[in-house]
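Enquirer: Could you build all of it, start to finish, from the sequences and the hints given here?
Here the numbering used here is used: position 97 in the sequence shown is 101, and no number is missing along the way.
Since the hints were made in silico from the structure, they are not lab data.
Here the structure is a predicted model, which means the values were calculated and not measured.
Note that CB positions come from ideal geometry on N, CA and C, so glycine has one too.
One or more hints might be untrue.
Unchecked claim - Distance windows between CB atoms, simulated:
hint, residue 1, residue 2, range
1, P137, R24, 18 to 26 Å
2, V100, I79, 12 to 20 Å
3, Y54, G22, 40 to 48 Å
4, Q93, A63, 44 to 52 Å
5, G22, Q93, 22 to 30 Å
6, P14, V94, 41 to 49 Å
7, P111, P14, 56 to 64 Å
8, I20, S130, 44 to 52 Å
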Amino acid sequence: MINEPFGTLPGLRDRIDGTRRRFRIWRGGRPFWAGLFMLSAGAPIIYFPYVHITLKGVAVALATTAGAASLIIGILLMTLGVTLWFHQQVRVFAGVAGLLLSLVSFPLANFGGLFFGLFFGLVGGSLACAWDPSPPEAEVQHTAVTPPVTVPGIEGHMAVDNLTGQAGGAPGAGPSHGDESAADARGAP
5 MINEPFGTLP GLRDRIDGTR RRFRIWRGGR PFWAGLFMLS AGAPIIYFPY VHITLKGVAV
65 ALATTAGAAS LIIGILLMTL GVTLWFHQQV RVFAGVAGLL LSLVSFPLAN FGGLFFGLFF
125 GLVGGSLACA WDPSPPEAEV QHTAVTPPVT VPGIEGHMAV DNLTGQAGGA PGAGPSHGDE
185 SAADARGAP
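Expert: Structure below.
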């Protein structure tokens, strides 16, 4: 059955679509990509100091005194990545801490995991600091913002809000705001 990619299991397509939809909703309510970049920044920082790489028969040993620092920085970056997924309230702290740890990994952890961990950490920290928990513009109901209309009232002119119909509320409207010309029109000294 080439036309039926999920076979003949009843309801499998609906379950997969429901799972994808729930994951999309979960992902949209948190700095998901910042956490993923931060999580993936820790892996090369931890990996490269403990592995022996050979390029065309030449051993490239990156094992230096940076082993302990690489392990600590990598684990902290991975922890910050998971924290961004489950505790969005600390996104700015986690972003700044991720940025600082990524920059510190450059001299302490073999050029920040051969620049891979450094790059992913900087991108993840920047995304975490820039993430805004408010809903996107398309989901916000736009209300027409109209200036208040002034209508003649008992004492001069009174501002009326177009949306609520309530009198007053416009700064600078009416004689109560120190409008001397309106006071003179009423005959006040």
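Enquirer: Would you mind marking each hint as holding or not holding in the structure?
Expert: Hints and how they fare:
no.: 1; hint: P137 - R24: 18 to 26 Å; in the structure: 22 Å, holds
no.: 2; hint: V100 - I79: 12 to 20 Å; in the structure: 18 Å, holds
no.: 3; hint: Y54 - G22: 40 to 48 Å; in the structure: 41 Å, holds
no.: 4; hint: Q93 - A63: 44 to 52 Å; in the structure: 47 Å, holds
no.: 5; hint: G22 - Q93: 22 to 30 Å; in the structure: 28 Å, holds
no.: 6; hint: P14 - V94: 41 to 49 Å; in the structure: 44 Å, holds
no.: 7; hint: P111 - P14: 56 to 64 Å; in the structure: 59 Å, holds
no.: 8; hint: I20 - S130: 44 to 52 Å; in the structure: 33 Å, violated
Checked against the numbered hints above, the structure violates only hint 8.
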